[in-house]
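S.K.: Sequence:
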Amino acid sequence: MIVAGGGLAGRSLAYFLSGHPGLGEMRILLVDDSRHYQHRSIIYWYDGVLPLRLTPSVSYTASYCCDSTTPPPGATPPPLMTGEIRQVRTASESFDPSVATFMDFRSGDGRQPVRLHCLLPVSTREAFVETTRITRGDAPALGWPFGTAAAAYLRNTCGVTDFSTLAVQRGVIPLGLRRQSSRGRHLYVGTASGIIKATTGYGFTRILHQAERVASSFAATGSPSGPDPPRRFHFYDKPVLKMWLHDPDSAVRSPVAPRSAHGTVTGDCSGRRNGDESP
Numbered sequence: 001m002i003v004a005g006g007g008l009a010g011r012s013l014a015y016f017l018s019g020h021p022g023l024g025e026m027r028i029l030l031v032d033d034s035r036h037y038q039h040r041s042i043i044y045w046y047d048g049v050l051p052l053r054l055t056p057s058v059s060y061t062a063s064y065c066c067d068s069t070t071p072p073p074g075a076t077p078p079p080l081m082t083g084e085i086r087q088v089r090t091a092s093e094s095f096d097p098s099v100a101t102f103m104d105f106r107s108g109d110g111r112q113p114v115r116l117h118c119l120l121p122v123s124t125r126e127a128f129v130e131t132t133r134i135t136r137g138d139a140p141a142l143g144w145p146f147g148t149a150a151a152a153y154l155r156n157t158c159g160v161t162d163f164s165t166l167a168v169q170r171g172v173i174p175l176g177l178r179r180q181s182s183r184g185r186h187l188y189v190g191t192a193s194g195i196i197k198a199t200t201g202y203g204f205t206r207i208l209h210q211a212e213r214v215a216s217s218f219a220a221t222g223s224p225s226g227p228d229p230p231r232r233f234h235f236y237d238k239p240v241l242k243m244w245l246h247d248p249d250s251a252v253r254s255p256v257a258p259r260s261a262h263g264t265v266t267g268d269c270s271g272r273r274n275g276d277e278s279p
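The sequence shown begins at 1 in this note's numbering and counts up by one.
If you're looking for bench data, these hints aren't it; they were derived computationally from the structure.
We put the beta carbon where it would ideally sit given N, CA and C, even for glycine.
Be aware that a few hints might be false.
Label-pair ranges, simulated between beta-carbon atoms [unchecked claim]:
#1 Asp162 to Pro239: 28 to 34 Å
#2 Pro145 to Gly222: 49 to 55 Å
#3 Thr148 to Tyr64: 42 to 48 Å
#4 Ser216 to Thr61: 20 to 26 Å
#5 Ser98 to Ser63: 49 to 55 Å
#6 Ser223 to Asp162: 54 to 60 Å
#7 Ser164 to Ser18: 37 to 43 Å
#8 Ser123 to Val240: 30 to 36 Å
All chains, please: the whole structure from these sequences, using the hints.
M.R.: Structure, rendered in structure tokens:
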């Protein structure tokens, strides 16, 4: 088996294939392209070096290929969710560990592209702060100052001014990709299979379930197959993606407030209730 793409989907699939008791004799080749930052998975703590040793310019033949790479050149670039997750530590108690804030648009400036933040406290002095931008596929935000935006969010929205950064994760997720049809012994997995929830970038558990299903089907039948993503989500998400790209002012001004982990909408970083909303 050749697994094309060394991000979350590719590495998860390689893990399930290598650990399945019915595939003990299987040989797996994981192929990744070090030139492309876009598909670097956010499971890596980024320190400027590649997590794998790569061997360039080598040809292989395999029975099957599971492909998690993005569409080929010439295809319409999908919208991109580009983000950084910073692990920060404050000089004094600043967070409520019982409250997590998701998709907070309040720090946006109302101009393209859409910007949002998420805050996950792990103690009163330590938290993960995610800064995310949604941009057109032909204009990725790789060089944008995420650190400056995260600091402004902590200062202006959370009232935190004295903090240090312990670690940084980076990642890019294509949004709204249609499911690519498998051809013969070429099976699409991960983002290329349309499994990512377009308006949020959520896909972690879906990717893991897909990888486990592919490995199990391969062991049982000798042919890999994965679950099809619900097609209705593509239709649900399409108008929201268009609004984020073409009318970001309306997206940021919408009455949707950041949602807390315990089921209520947080009005500020202290966890003050602001109403209830379905996820």
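S.K.: Work down the list of hints and note, for each, if the structure agrees.
M.R.: Status of the hints after comparison with the structure:
| no. | hint | result |
| --- | --- | --- |
| 1 | Asp162 to Pro239: 28 to 34 Å | violated (42 Å) |
| 2 | Pro145 to Gly222: 49 to 55 Å | holds (51 Å) |
| 3 | Thr148 to Tyr64: 42 to 48 Å | holds (45 Å) |
| 4 | Ser216 to Thr61: 20 to 26 Å | holds (25 Å) |
| 5 | Ser98 to Ser63: 49 to 55 Å | holds (50 Å) |
| 6 | Ser223 to Asp162: 54 to 60 Å | holds (57 Å) |
| 7 | Ser164 to Ser18: 37 to 43 Å | holds (38 Å) |
| 8 | Ser123 to Val240: 30 to 36 Å | holds (34 Å) |
Taken one by one, the earlier hints fail for this structure only at number 1.
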